[in-house]
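Q: Make the full structure from the sequences, and use the hints.
For this note's numbering, add 9 to where a residue sits in the sequence shown, where the first one is 1.
Simulated from the structure, these hints should not be mistaken for laboratory data. Incorrect hints may appear among the rest.
In silico lysine-lysine, DSS-like type, Cα no more than 27 Å apart, as pairs [as the list claims (entries may be wrong)]:
#1 K733 with K718
#2 K238 with K390
#3 K619 with K630
#4 K580 with K552
#5 K91 with K183
#6 K202 with K183
#7 K619 with K238
#8 K238 with K202
#9 K152 with K202
#10 K733 with K446
#11 K637 with K619
#12 K552 with K589
#13 K524 with K552
#14 K446 with K460
#15 K202 with K160
#16 K630 with K718
#17 K152 with K183
#18 K81 with K460
#19 K718 with K637
#20 K637 with K733
#21 K524 with K630
#22 K81 with K91
#23 K160 with K91
#24 K183 with K160
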Amino acid sequence: MRWSHSLIRQHHCPLFFRSLLRRCARSSALRPGEQLHAAATVAGLLSSPSHFLLNALLHLYAACSLPLHAHKLFDRIPHTHKDSVDYTALIRCSHPLDSLRFFLQMRQRALPLDGVTLICALGASARLEDDSLVPQMHVGVVKFGLLSHTKVCNAVMDGYVKCGLLGEARRVFKEIEEPSVVSWTVVLEGVVKWEGVESGRAVFDSMPERNEIAWTVMIKGYVGNGFTKEAFMLLREMVFGNQHGLGLAEGSSLSQRGEPRFKSPLREVTSSSAKQWLEEEKERVFDNEEAFCHVERASHPQSTASGFEFLRVKLSTFSIRQYVEHDCFRRKIPVENPNEKEMLYSCGFGLNWVTLCSVLSACSQSGDVIMGRWVHCYAVKAMGCDLGVMVGTSLVDMYAKCGRLSAALMVFRHMPRRNVVAWNAILGGLAMHGMGKVVMEMFDSMVEEVKPDAVTFMALLSACSHSGLVQQGWQCFHDMESVYRVRREIEHYACMVDLLGRAGRLEEADVLMRKMPIPPNEFVLGSLLGACYAHGKLNLGEKIMRELVQMDPLNTEYHILLSNMFALSGKADKANSLRKVLKSRGIKKVPGMSSIYVDGQLHRFIAGDKSHPRTADIYMKLDDMICKLRLAGYVPNTNCQVLFGCSNGDDCMEALEEVEQVLFTHSEKLALCFGLMTTPLRSPLCIFKNLRICQDCHSAIKIASDVYKREIVVRDRYRFHSFKQGSCSCSDYW
Numbered sequence: 010m011r012w013s014h015s016l017i018r019q020h021h022c023p024l025f026f027r028s029l030l031r032r033c034a035r036s037s038a039l040r041p042g043e044q045l046h047a048a049a050t051v052a053g054l055l056s057s058p059s060h061f062l063l064n065a066l067l068h069l070y071a072a073c074s075l076p077l078h079a080h081k082l083f084d085r086i087p088h089t090h091k092d093s094v095d096y097t098a099l100i101r102c103s104h105p106l107d108s109l110r111f112f113l114q115m116r117q118r119a120l121p122l123d124g125v126t127l128i129c130a131l132g133a134s135a136r137l138e139d140d141s142l143v144p145q146m147h148v149g150v151v152k153f154g155l156l157s158h159t160k161v162c163n164a165v166m167d168g169y170v171k172c173g174l175l176g177e178a179r180r181v182f183k184e185i186e187e188p189s190v191v192s193w194t195v196v197l198e199g200v201v202k203w204e205g206v207e208s209g210r211a212v213f214d215s216m217p218e219r220n221e222i223a224w225t226v227m228i229k230g231y232v233g234n235g236f237t238k239e240a241f242m243l244l245r246e247m248v249f250g251n252q253h254g255l256g257l258a259e260g261s262s263l264s265q266r267g268e269p270r271f272k273s274p275l276r277e278v279t280s281s282s283a284k285q286w287l288e289e290e291k292e293r294v295f296d297n298e299e300a301f302c303h304v305e306r307a308s309h310p311q312s313t314a315s316g317f318e319f320l321r322v323k324l325s326t327f328s329i330r331q332y333v334e335h336d337c338f339r340r341k342i343p344v345e346n347p348n349e350k351e352m353l354y355s356c357g358f359g360l361n362w363v364t365l366c367s368v369l370s371a372c373s374q375s376g377d378v379i380m381g382r383w384v385h386c387y388a389v390k391a392m393g394c395d396l397g398v399m400v401g402t403s404l405v406d407m408y409a410k411c412g413r414l415s416a417a418l419m420v421f422r423h424m425p426r427r428n429v430v431a432w433n434a435i436l437g438g439l440a441m442h443g444m445g446k447v448v449m450e451m452f453d454s455m456v457e458e459v460k461p462d463a464v465t466f467m468a469l470l471s472a473c474s475h476s477g478l479v480q481q482g483w484q485c486f487h488d489m490e491s492v493y494r495v496r497r498e499i500e501h502y503a504c505m506v507d508l509l510g511r512a513g514r515l516e517e518a519d520v521l522m523r524k525m526p527i528p529p530n531e532f533v534l535g536s537l538l539g540a541c542y543a544h545g546k547l548n549l550g551e552k553i554m555r556e557l558v559q560m561d562p563l564n565t566e567y568h569i570l571l572s573n574m575f576a577l578s579g580k581a582d583k584a585n586s587l588r589k590v591l592k593s594r595g596i597k598k599v600p601g602m603s604s605i606y607v608d609g610q611l612h613r614f615i616a617g618d619k620s621h622p623r624t625a626d627i628y629m630k631l632d633d634m635i636c637k638l639r640l641a642g643y644v645p646n647t648n649c650q651v652l653f654g655c656s657n658g659d660d661c662m663e664a665l666e667e668v669e670q671v672l673f674t675h676s677e678k679l680a681l682c683f684g685l686m687t688t689p690l691r692s693p694l695c696i697f698k699n700l701r702i703c704q705d706c707h708s709a710i711k712i713a714s715d716v717y718k719r720e721i722v723v724r725d726r727y728r729f730h731s732f733k734q735g736s737c738s739c740s741d742y743w
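A: So, in structure tokens, the structure goes:
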């Protein structure tokens, strides 16, 4: 669009520009809005606040999620020309703390408040997850007499849920005269998050009406907690409906057997055959995981989507914020063809991009690649080869975090469009796998396509840290501000401290931390403390520990780390004393837990676990495995295990045997044994650990990969370890 001088002179009236700017704001059209901004500036129309063009521009940039631009325009508007709508626009688009600051300014100026303003302010409070802010906002809702507004109550409940105050959310829910489907869904999300999927399913079954968000919350809960088969069953019901809930287009005919049919532009498919297809696909995944390996190549441009057009749904995309503000997604949707007067009752719901991304996110967190592959297959068949940037990025993230890095790279390389988020996903995935050199090479290609942001440099520094690339890390750290104009944040300093600490340059890391322009937080100090433990720097570790205790006195991880440092340095008295202090305060250590998927079912183990139904078989396999590992050269590293009240330096054979026995029953080894006895020979295994893998388990699994001729992938709290033929992808640098 070009704005000629004649056009500006012809339509220089402020009303003309204000109308166009409002249209741009409604459609979030940034480019033409910026051109209008420039044209209005050239015409000299922004000098007079009475034209309200600054207000219109404020709304444009707020609608386009550009809070800095909106703030600058807001500051130029005189107080006499600012109203509640302007403040609400800023509250909606700003950082939560800034949003609340603008809300307080509204109250100080005694501007009128409506439901939309309170919903936006409550959303900001919820994002901060401060359990003291939401109750104060709730008091304001009562004071302004807005408890009768269901949407405002939904926002109050959402705030309580985000803060973990589920009881308060339930009280608000009971006070709503006619809860909407959104109200039910907010409660469902809270119950699933804070009380578990079993309680959540009870709420889900009692809902008088369900929408896509409710189904997605429940399915995501199942996937995140390892209930893959239950998630598949719920997916089948969501997409194809249950036997009693399959609707029909009015006047549509039945098949000869009386079965309702899906309407499709290609062919008619009976509902029973559709459900049978999904059931067959589910069983095929569980029976043979390799049967779905071809799905990882489905995004190739030459791939063709098979005739599953009946899965396609015509649902408008939406954002979570719009969903909270508007009751949308009813089961009854109008047919797009205006010539058809009838209403189509959907046979269940389809999976739109929001549902797909949510389920893939749950797969990423839980490591459920089976469900992730199924979602990938569904997306290709329903959407075609071009899955869009958001679904494509979610797939890249899912495959990378599930240990399928080759699949993540394949999906990424064949994405027709890639933004900075997609690039960050693949760089972060490569960083977790310790492929620092590949990350640096890909970064050179990235800057030719998109502009890197703060997350990009976190991935780069993390990759350098896991690969020992100190010089490249320093170069990235310096180039952030000088070359790419990206401001350093505390997370980047934490990555840099971690990089130097892993490389043994602790003094340099300590100097960098002390010179930070902002005070170090527990993540920066925690990284340095971990480096002190790895390199035996006890004095510096004690110094860091004192600072950490002041920040977070209830964090057991740091206490245990320092206690182990004392024990390994021969100061058993100090180690035992520190643990006694923890015990007297009632502070318990977070137990290490390892998980493994077998036949679509998640199996979890903790150290010394004997709760599994096949405990006897697992421990028999463990004894056999330890014998084979010893013959192959495995020697237990007793320095990795410190027993309370016992020094590893004691000349006590019983104490040494006890330490070794504890090492043998670490959760990683139990999960490994279960995988070895329940999966086909030489098939790969993937284990997920909630904490950092210990050195003894790392050594044992390295040898096991060679003894059993298997690839064993372990995802711990920080990175991936891919064990193959007696070596690890980390090259023993982690």
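Q: Next step is simple, just say for each hint if it's right about the structure.
A: A quick look at each hint next to the structure:
For the hint pairing K733 with K718, the CA-to-CA distance comes to about 8 Å; that is within 27 Å, so the pair holds. A hinted pair counts as satisfied when its Cα atoms are at most 27 Å apart, and K238 with K390 qualifies at roughly 21 Å. Restraint check for K619 and K630: satisfied, since their Cα atoms lie roughly 14 Å apart, inside the 27 Å limit. Distance check on the hinted pair: K580 and K552 sit about 16 Å apart at the alpha-carbon level, within 27 Å; holds.
The suggested pairing of K91 with K183 is violated, with an alpha-carbon distance near 38 Å, which exceeds 27 Å. Under the criterion of a C-alpha separation no larger than 27 Å, the hint pairing K202 with K183 is consistent with the structure, at around 20 Å. Between K619 and K238 the CA atoms are separated by roughly 24 Å; this keeps the pair inside 27 Å, and the hint holds. Proximity of K238 to K202 is assessed by CA-CA distance (about 19 Å); at most 27 Å being required, the pair is judged to hold.
With a C-alpha separation of about 30 Å, the suggested pair K152 and K202 falls outside the 27 Å cut-off, and the hint is violated. Proposed proximity of K733 and K446 is supported: the alpha carbons are some 20 Å apart, at most 27 Å. Under the criterion of a C-alpha separation no larger than 27 Å, the hint pairing K637 with K619 is consistent with the structure, at around 22 Å. Between K552 and K589 the CA atoms are separated by roughly 20 Å; this keeps the pair inside 27 Å, and the hint holds.
The straight-line distance between the Cα atoms of K524 and K552 is roughly 17 Å, inside the 27 Å bound, and the hint therefore holds. Distance restraint check for K446 and K460: the Cα-Cα separation of roughly 20 Å lies within the 27 Å cut-off, and the hinted pair is therefore satisfied. Annotation: proposed proximity of K202 to K160 holds, straight-line Cα distance about 21 Å (limit 27 Å). Restraint check for K630 and K718: satisfied, since their Cα atoms lie roughly 16 Å apart, inside the 27 Å limit.
Between K152 and K183 the alpha-carbon distance is near 19 Å, which keeps this suggested pair within the 27 Å criterion. Using a Cα cut-off of 27 Å, the hinted pair K81 and K460 holds, with the two alpha carbons roughly 23 Å apart. With a C-alpha separation of about 13 Å, the suggested pairing of K718 with K637 holds against the 27 Å cut-off. Taken as a hint, the K637 and K733 pair is honoured in the structure, with Cα atoms around 17 Å apart against an allowance of 27 Å.
Distance check on the hinted pair: K524 and K630 sit about 53 Å apart at the alpha-carbon level, beyond 27 Å; violated. The hinted pair formed by K81 and K91 meets the criterion: a straight-line CA distance of about 14 Å does not exceed 27 Å. This hinted pair checks out: K160 and K91 have alpha carbons roughly 26 Å apart, not beyond 27 Å. Of the pairs offered as hints, the one joining K183 and K160 holds, with about 14 Å between alpha carbons and a cut-off of 27 Å not exceeded.
Checked against the numbered hints given earlier, the structure breaks hints 5, 9, 21 and satisfies all the rest.
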